[in-house]
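Number of protein chains: 2
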Amino acid sequence: EDNAMPQAIPFPQLTPQEVVDFIPHGATVAFSGFSPAGSAKAVPLALADHAKSEHAVGRPYQIRVLTGASSGRCIDEELASALAIAWRAPYQGGKTLRRQINAQQVEYVDMHLSHVPQMAAWGFFGKIDLAVVEATEITADGRVYLTSSIGASPTYLQLADKVIIELNRHHSPRLRELADITVLPPPPHRNPIPIHDPMTRIGVPYAVVDPRKVIGVVATDAGDDVEDFSVAGEDVARIGAHVAQFLLQEWTMGRIPKTFLPLQAGVGNIANALMAALGQCADLPAFMMYSEVFQDALVPLMEQGRLLGASATSLTVTTPMLKRIIDHFDFYASRIVLRPQEISNHPGIIRRLGVISMNTAIEADLYGNVNSSHVYGMDIMNGIGGSGEFTRNGYLSIFMTPSTAKAGKVSAIVPMCPHIDNNEHSVQVVVTEQGLADLRGLGPLQRARVIIENCAHPAYRDYLHGYLAGARTGHIRHDLRRCFELHRNLLETGQMLPV
Amino acid sequence: EDNAMPQAIPFPQLTPQEVVDFIPHGATVAFSGFSPAGSAKAVPLALADHAKSEHAVGRPYQIRVLTGASSGRCIDEELASALAIAWRAPYQGGKTLRRQINAQQVEYVDMHLSHVPQMAAWGFFGKIDLAVVEATEITADGRVYLTSSIGASPTYLQLADKVIIELNRHHSPRLRELADITVLPPPPHRNPIPIHDPMTRIGVPYAVVDPRKVIGVVATDAGDDVEDFSVAGEDVARIGAHVAQFLLQEWTMGRIPKTFLPLQAGVGNIANALMAALGQCADLPAFMMYSEVFQDALVPLMEQGRLLGASATSLTVTTPMLKRIIDHFDFYASRIVLRPQEISNHPGIIRRLGVISMNTAIEADLYGNVNSSHVYGMDIMNGIGGSGEFTRNGYLSIFMTPSTAKAGKVSAIVPMCPHIDNNEHSVQVVVTEQGLADLRGLGPLQRARVIIENCAHPAYRDYLHGYLAGARTGHIRHDLRRCFELHRNLLETGQMLPV
Ligand SMILES: CC(C)(COP(=O)(O)OP(=O)(O)OC[C@H]1O[C@@H](n2cnc3c(N)ncnc32)[C@H](O)[C@@H]1OP(=O)(O)O)[C@@H](O)C(=O)NCCC(=O)NCCS
Ligand SMILES: CC(C)(COP(=O)(O)OP(=O)(O)OC[C@H]1O[C@@H](n2cnc3c(N)ncnc32)[C@H](O)[C@@H]1OP(=O)(O)O)[C@@H](O)C(=O)NCCC(=O)NCCS
Numbered sequence: 001e002d003n004a005m006p007q008a009i010p011f012p013q014l015t016p017q018e019v020v021d022f023i024p025h026g027a028t029v030a031f032s033g034f035s036p037a038g039s040a041k042a043v044p045l046a047l048a049d050h051a052k053s054e055h056a057v058g059r060p061y062q063i064r065v066l067t068g069a070s071s072g073r074c075i076d077e078e079l080a081s082a083l084a085i086a087w088r089a090p091y092q093g094g095k096t097l098r099r100q101i102n103a104q105q106v107e108y109v110d111m112h113l114s115h116v117p118q119m120a121a122w123g124f125f126g127k128i129d130l131a132v133v134e135a136t137e138i139t140a141d142g143r144v145y146l147t148s149s150i151g152a153s154p155t156y157l158q159l160a161d162k163v164i165i166e167l168n169r170h171h172s173p174r175l176r177e178l179a180d181i182t183v184l185p186p187p188p189h190r191n192p193i194p195i196h197d198p199m200t201r202i203g204v205p206y207a208v209v210d211p212r213k214v215i216g217v218v219a220t221d222a223g224d225d226v227e228d229f230s231v232a233g234e235d236v237a238r239i240g241a242h243v244a245q246f247l248l249q250e251w252t253m254g255r256i257p258k259t260f261l262p263l264q265a266g267v268g269n270i271a272n273a274l275m276a277a278l279g280q281c282a283d284l285p286a287f288m289m290y291s292e293v294f295q296d297a298l299v300p301l302m303e304q305g306r307l308l309g310a311s312a313t314s315l316t317v318t319t320p321m322l323k324r325i326i327d328h329f330d331f332y333a334s335r336i337v338l339r340p341q342e343i344s345n346h347p348g349i350i351r352r353l354g355v356i357s358m359n360t361a362i363e364a365d366l367y368g369n370v371n372s373s374h375v376y377g378m379d380i381m382n383g384i385g386g387s388g389e390f391t392r393n394g395y396l397s398i399f400m401t402p403s404t405a406k407a408g409k410v411s412a413i414v415p416m417c418p419h420i421d422n423n424e425h426s427v428q429v430v431v432t433e434q435g436l437a438d439l440r441g442l443g444p445l446q447r448a449r450v451i452i453e454n455c456a457h458p459a460y461r462d463y464l465h466g467y468l469a470g471a472r473t474g475h476i477r478h479d480l481r482r483c484f485e486l487h488r489n490l491l492e493t494g495q496m497l498p499v
Numbered sequence: 001e002d003n004a005m006p007q008a009i010p011f012p013q014l015t016p017q018e019v020v021d022f023i024p025h026g027a028t029v030a031f032s033g034f035s036p037a038g039s040a041k042a043v044p045l046a047l048a049d050h051a052k053s054e055h056a057v058g059r060p061y062q063i064r065v066l067t068g069a070s071s072g073r074c075i076d077e078e079l080a081s082a083l084a085i086a087w088r089a090p091y092q093g094g095k096t097l098r099r100q101i102n103a104q105q106v107e108y109v110d111m112h113l114s115h116v117p118q119m120a121a122w123g124f125f126g127k128i129d130l131a132v133v134e135a136t137e138i139t140a141d142g143r144v145y146l147t148s149s150i151g152a153s154p155t156y157l158q159l160a161d162k163v164i165i166e167l168n169r170h171h172s173p174r175l176r177e178l179a180d181i182t183v184l185p186p187p188p189h190r191n192p193i194p195i196h197d198p199m200t201r202i203g204v205p206y207a208v209v210d211p212r213k214v215i216g217v218v219a220t221d222a223g224d225d226v227e228d229f230s231v232a233g234e235d236v237a238r239i240g241a242h243v244a245q246f247l248l249q250e251w252t253m254g255r256i257p258k259t260f261l262p263l264q265a266g267v268g269n270i271a272n273a274l275m276a277a278l279g280q281c282a283d284l285p286a287f288m289m290y291s292e293v294f295q296d297a298l299v300p301l302m303e304q305g306r307l308l309g310a311s312a313t314s315l316t317v318t319t320p321m322l323k324r325i326i327d328h329f330d331f332y333a334s335r336i337v338l339r340p341q342e343i344s345n346h347p348g349i350i351r352r353l354g355v356i357s358m359n360t361a362i363e364a365d366l367y368g369n370v371n372s373s374h375v376y377g378m379d380i381m382n383g384i385g386g387s388g389e390f391t392r393n394g395y396l397s398i399f400m401t402p403s404t405a406k407a408g409k410v411s412a413i414v415p416m417c418p419h420i421d422n423n424e425h426s427v428q429v430v431v432t433e434q435g436l437a438d439l440r441g442l443g444p445l446q447r448a449r450v451i452i453e454n455c456a457h458p459a460y461r462d463y464l465h466g467y468l469a470g471a472r473t474g475h476i477r478h479d480l481r482r483c484f485e486l487h488r489n490l491l492e493t494g495q496m497l498p499v
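Line order of the protein sequences matches chains A and B.
Each residue of the first sequence is one higher than the one before, counting from 1 in the working numbering.
Each residue of the second sequence is one higher than the one before, counting from 1 in the working numbering.
Next comes chain A alone, as it looks inside the complex (with noise of 0.2 Å):
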């Protein structure tokens, strides 16, 4: 920024390996990041040599980790290499790190998103010996202007006892512009939160710390190495064009309010594509977002128009996708509002603005129940994230998946759903490539035959219709001796229908 003062920073500059010593073994850290995005970069690595130096004198050395949710490389990858990580919460989206949590190295726990800074806040997890937060500037009375995401980092900030921030150069001052940060006052007095619109704002552009509190500032220049997407195959598409139509179907009725509803859309390749499909529909009418995480596919659209303004916690999108954001940042900065999670993600909110959630399954059963975060309901894959908020208080709930993985070896439409993360109570629509099925107001059998008929691969209809002919009536039918065969077959040879 050529029109930037040149300022004296305010608090003592540290290496990242100096930093080391504030933090022993068993502490509970707490680091900023939404994902990659904004995630503390510099002192995770100087950890992970740390822990790897300890191990090899045979000294303990692990320390518990809270963050907003997933986070980079430097987090859920290299401290996790280094077995650094005793505790993790509340969600994680690395390799290593899920490796380590399904072999029970690591006590990870997964929680919904926006109920974490409360939870902090009262010590339902111990106290918070230091935050890591990565930011652009803070200054001399503790403002701390953050990154490409806002997370928790407000509240960490609050809570931990000692304070490192990351001043990342990288990253464009003019970031702060999209941020809107308030922590909420405890409860049971607490006033409604006056948002009436996505695009509301309530707060203020930074965060804010007790300067005592702060150790140090860590120079850093990373970028936050969000991975790109893969391409959409077909299936995506289709899936995208399914909810694009019903979407339109429902406005044309009447059912979806004319002003139209905000969208909210979950993270992944599948929820990026599906973006895509639907600022494509033209028929649908430009819409706004109010979302957990801002995807790449949604730079396009902001661009065409067809995306009004996002509200989310964080600007998960690639480096090429951030740039052009920079590089029209007059554009973007009135168009996207990056909000803590507690807010981007609330209950409260999310009902009041009629949110339409849509987000991705591991697998959905034949009743509507969704397993979006434990394959075999045992291993973890990334955790619930936020789809719980959306999924329980959106105008309408729909899940998506490809109704096979793994090269059709595996069914993502079974009987019974080994791990739920969203019941039968809370998922309106389920739609794979094949087709949807619109569950509301349908008793239980009735939707058993809807998902297999308009959902189910044709290749598992026979066998999913011939699980509900031989189970055991009742409200809901199933046959317990059944229900996980498909799941044990996948199990023990590698695919969930009989050779």
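Don't read these hints as lab results, they were simulated from the structure.
Treat each hint with caution, since some may be false.
What the hints assert, rightly or not - Straight-line C-alpha distance at most 30 Å; calculated DSS-like pairs for lysine-lysine:
id: 1; chain 1: A; residue 1: K258; chain 2: B; residue 2: K162
id: 2; chain 1: B; residue 1: K127; chain 2: B; residue 2: K162
id: 3; chain 1: A; residue 1: K258; chain 2: B; residue 2: K213
id: 4; chain 1: A; residue 1: K258; chain 2: B; residue 2: K127
id: 5; chain 1: A; residue 1: K213; chain 2: B; residue 2: K258
Got chain A; can you put chain B with the ligands on it based on the hints?
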């Protein structure tokens, strides 16, 4: 009421039999009632008779039935017995209807209660042909003074094509003083709901109907017929003591604000007994409730000054308790507010106030997933009711159940729940008469151990530890061959453990 002005009733007076003509086979009828309290009585009985005569001459006669929640004898028993219900939502509690649902003779859609009015308003269940609403008065300009529950009646009165009012002389017209009624506007541009305390009033004491839609009024004189609670056994007293001790500890440790927080308690015998136990714990401060149903146990607590005020959607009390309230109405009128279920169960308000939710489970599994609705995952008991809205959004979410049912033949702690109403991501505390498991911040395996040790009945602990030990490693340990072994044993032999 001696001092009431006798008034001409401004609408045609009909007999219940005359109303039947307005309700053809296949109609969708919305009845007032949230639990037996305030439910329509005369018209459902007449419909039951009509259905029987139609069936006797070989003509089909069945209707689709909406209510606020469960309903009294007249609907879920009598109308059901006449085989006159084809479809039922959003909750039920009758033995006859339950049997029919489990035999798959009635389609039953079991839903989160606060969402029902919005879904109905936007046509998710189709058109509502007629609403039958109990009231103490209707004015010529269409103000409808409801009786002992609000439920979804204000919305049904607005939506239905035609309306019948059951004018119930049995109920005191003073009940209106408890009512605080408002119907939420459509999304997306809604203002926040300005409730910042369980007792805040934001509406008017009456529901509103377009008088041109009112076909007539039917005079009735029947009480609500709320069933008496069974006397609480020792187990339930122990559950109450564990919860009281936990809340006291949390409050003392500063993990509950000094002002304390509003409580919610579920429906049924156990919740009723729990409230009595909490009231007797003299070390706990006097408290408020922000709950769904006001049950018997709260009456003495209010008189003793232990319960300072209560917000609910229904006054589900037995006839003697209702008399006690009416006899001291000046006292109660300033301490009880009855709201529409859209507000009493609103996720945003529950979250804002920091409600401590305490609901009853049929069973809980090793990881904190809870089944409150479906025995064996198949046979409906009642439904999820409001438990999801309170659990998901509560400041603390507690589930309680005796550790065994059916004289010890059934363990309420099982390896995996075959139906999940509230999942491990939302449930924080599980309590049985054996003890309390505080699951906050624990990974799955830690949760499993504390649930077995603190909550399971000693007769089942070895089995459960053995299950865990033999299960496949993963973030969550399970054995998909054995996870429902106990349930299968129960189905096959009448008890969970082999003899
Ligand atoms: C469900 C979720 C994993 C899907 O992610 P995605 O990137 O859109 O989907 P993909 O199809 O690429 O699947 C991801 C992986 O799951 C695997 N998978 C999908 N369905 C599967 C199934 N039924 N059984 C086994 N594996 C499955 C895929 O094969 C893929 O594995 P790979 O990485 O080894 O190739 C992801 O959306 C998620 O973590 N959701 C939970 C959190 C959430 O919903 N947040 C929203 C917040 S608002
Ligand atoms: C779960 C629920 C059924 C418990 O009701 P309760 O009256 O407190 O508990 P009881 O111990 O009397 O149990 C009710 C019945 O369930 C049976 N039961 C309980 N646990 C059981 C188990 N694990 N397996 C089989 N049956 C079980 C009891 O034996 C009893 O059966 P009976 O009527 O034939 O005697 C009831 O709270 C409910 O319907 N909850 C769901 C809705 C809800 O939570 N609403 C709260 C709204 S805010």
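Would you mind confirming whether the straight-line C-alpha gap from K258 of chain A to K127 of chain B stays at or under 30 Å?
holds (19 Å)
Is K258 of chain A close enough to K162 of chain B, meaning Cα to Cα at most 30 Å?
Roughly 26 Å separates the two Cα atoms, so the pair holds.
Holds or violated: K213 of chain A and K258 of chain B, Cα atoms, limit 30 Å.
Holds, at about 26 Å.
Quickly compare the C-alpha distance for K127 of chain B and K162 of chain B to 30 Å and report which way the hint goes.
holds (11 Å)
Restraint status (C-alpha distance of K258 of chain A to K213 of chain B at most 30 Å):
Roughly 26 Å between the alpha carbons, so the hint for K258 of chain A and K213 of chain B holds.
In this structure, every one of the numbered hints holds.
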